[in-house]
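K.L.:
Residue strings, one per chain:
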Amino acid sequence: MTQTDTRVGSASAGPAPGPARPFWTSRRRDQLTGFVFIAPQLLGSVVFVILPLILVFWYSLHEWNVLAGTFDFVGTENYQGLADDPNLGAVLRATGLFSIGLVVFNLGLALLLAVLLNQRLRGTIVFRTLFFSPVVVSLVAWTIVWGFLLQDNGGINGLLDTIGVDGPNWLRGEGTAMVSVIVVQVFKNVGLNMVLFLAALQGVPADLYEAAEVDGASRMRQFWRITVPLISPTILLTSIITVVGSLQVFAQIAVLTQGGPGTSTTVLVYYLYQQAFQFHHFGYGATLSILLFVIVLALTVLQWQMRKRWVFHES
Amino acid sequence: MRAGKALRGVAVALTGALALTACGGGGEAADSGPAKLRMTVWSANEAHLKLFNEIADEYRKSHPDVAEIKFDPLPFDTYTTTLTTQIAGGNAPDLAWVFENSAPDFVASGALLPLDDTLKKAEGYQYEDISPATLKLWQNDGKLYAYPFSTSPFGVFVNTDMLKKAGQKTPAELIAAGQWTWDNALTTAAATAANSGKAGLVIRDFDYKGWDNLSTFWTGWGAQAWSEDGKTCGFNSPEMVDAMTTLHKATFTQKALPGPGTTADFFAGDSAMTITQISRASLLKDGGFGWDLVPLPAGPKGDYAVVGQAGLGVLKKSPHAKQAADFLAFFTNPTNSAKLAQFFPAPRQSQLTAETLAKTNPKLKPEQLQKVVIDGITNGVVKPNHSGQAELSQQVRAGLDPLWQPNADVKVVLDGVCAKIQPLLAK
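Residue numbers (my numbering), protein chains in the order written: chain A, 1 to 315; chain B, 1 to 427.
Note that these hints are calculated values from the structure, not bench results.
Ideal placement from N, C-alpha and C gives every residue a C-beta, glycine not left out.
Some hints could be false.
Just a few of them, taken from the derived set where beta-carbon distance is under 8 angstroms, the chain B residues facing chain A [stated by the list, open to error]: (1) T81; (2) A88; (3) A111; (4) W404.
With the sequences and hints as input, model every part of the structure.
P.N.:
Right under this line is the structure:
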């Protein structure tokens, strides 16, 4: 009754504000619900990713002496320091070598294992478990055990000795140290890529192979013409994950070689750790981490752009 | 509508949390109420911590303004890195142990509180009793920034059972005959290693990385890592080349030392001899092998001794720096210094007698204490130390790596070390 009266009164008095719309409309409620759901993730990203990223850039413009408690603005001095750093060339070379070695060896082995395990043979589950199990083992524990195995009088050389081979001092030779670190890292994570490849292989329709066989295509030709194009999205995914992961390697280097012998295994992340936390050059360390950020970003963008050329469904 | 209110509540709570996160972490906690002190140490040894806590409990009885004194053991290998990271993160301890190799950085940076006044004014402290030689490293412009709570000489621990089994003269016999030289020590180590199949001589904590421990070797040749003023590299001096040539031959030709990448723990019975600080005597097990502790062998330049030091300082940033300095004075007064001496050789001259040390070092004979500990502390040179030591140390380690190959050219490698570190020394 009251409502009707109001409407009548309003009409006679000309246009007047209608009843106040409730603030919590269904649309706003939905929006808020969405924000609340993403809030924990958003909060985490802001506090642990975006804020540190901004701070690292801010630190890179400063000379920060932790012990003396000084924090002086030096502008781009640290960035100019990158060009003058006599060690940076060797560090970037070691980083590149590690990344290339890891990506090639890891993806190659993962794909090979996945292809082998994709055959209907007895014992594939056992082998799949065997290769995947290192993925769930603690990285440091895994590396420490390999450290013992790779010693001059360790398990690997003991094994080689039984077949009359005098093994090298794996972690002390410049070439062998890098190879050792790559192999330790490959065996740690190859299982993950293997499982991803295996899932992709099992998604390739069998009738394509049957048709190819009818056309007389060899197994190798089938692999390159059918398998590789159809699993190319997975190759892209695993290559991005592996490249980014290879640029972040730290624990293996810290435990196995501490960047040596010489600077042969001093990769960028380990070098920036040395500069910031061991030599107390926090400003320069921050500059190196910006360099790492730029390299990772550039490689990821490059891979993403190149996908159109070689990833199936993307052209 | 109820759902809307609930959502609004959650949103407000999250906004509040975000605001608190953004605003938090800025300043120091208010300095009110009884102080809670934290001291970082690199020993997690139960006996050490028990003694520290006993001293702290006694101090708190007469100091109600100190509510708690916590000893915080940090990992030995990464101690300085962890400590400086804590300082950088605004979580500096009130007191901290400092290694001798980072002493110049800590002392010169202004991170530590000067202690002279507090220690000299403390009742019954007897500041003059502290050996001036032990204070040198911890002073800057006439002010003392850390107390050298441990001055521990290096000696040679010997597995006498292993030597006798190999038909070798023991170092005690060689000392008696005036033949305890590096030549004889290395020959003995090589012969014992060949006989036992175990390692000969291990320079503990060197492991072809911790090169500053090699000063226990090259000092016998009169070599130094750098000049007294720290400006000139000493790695390519003729003395150093001689010393390192001897070491290289001993490792790769004589096999007196285990090669790179081979681990051998003397205290587990894996080697005939080891060079380490006397504080490691606690690792010897009762009823294990027969052992002896002897001074470092004489080098071409005669007898010598090397000491490792550790200092205890108060962080200037501490909101309770005054109470921390007062506790440091109590922790290191003559009574507590004598208690600590069972683990950490004290710098107090009155406590540097074989008789006093014997009371707290039951595993060592008075003769060992006199020859290794007292003579070592009195005459020893401190391990290499320099401002910016961490960076120097890394450069030297990387520069020396090519030396640990059988066919290395010692002079060329050592010239390379100097080429790497001279720019840093000249800074």
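K.L.:
Confirm or reject each hint.
P.N.:
Each hint tested on the structure:
Nearest Cβ of chain A to the Cβ of T81 (chain B): about 5 angstroms, under the 8 angstroms cut. The hint holds. A least Cβ separation of about 4 angstroms between A88 (chain B) and chain A falls short of the 8 angstroms threshold, and the interface hint therefore holds. Taking 8 angstroms as the C-beta cut-off, the interface hint given for A111 (chain B) holds, the closest approach to chain A being about 4 angstroms. Nearest Cβ of chain A to the Cβ of W404 (chain B): about 6 angstroms, under the 8 angstroms cut. The hint holds.
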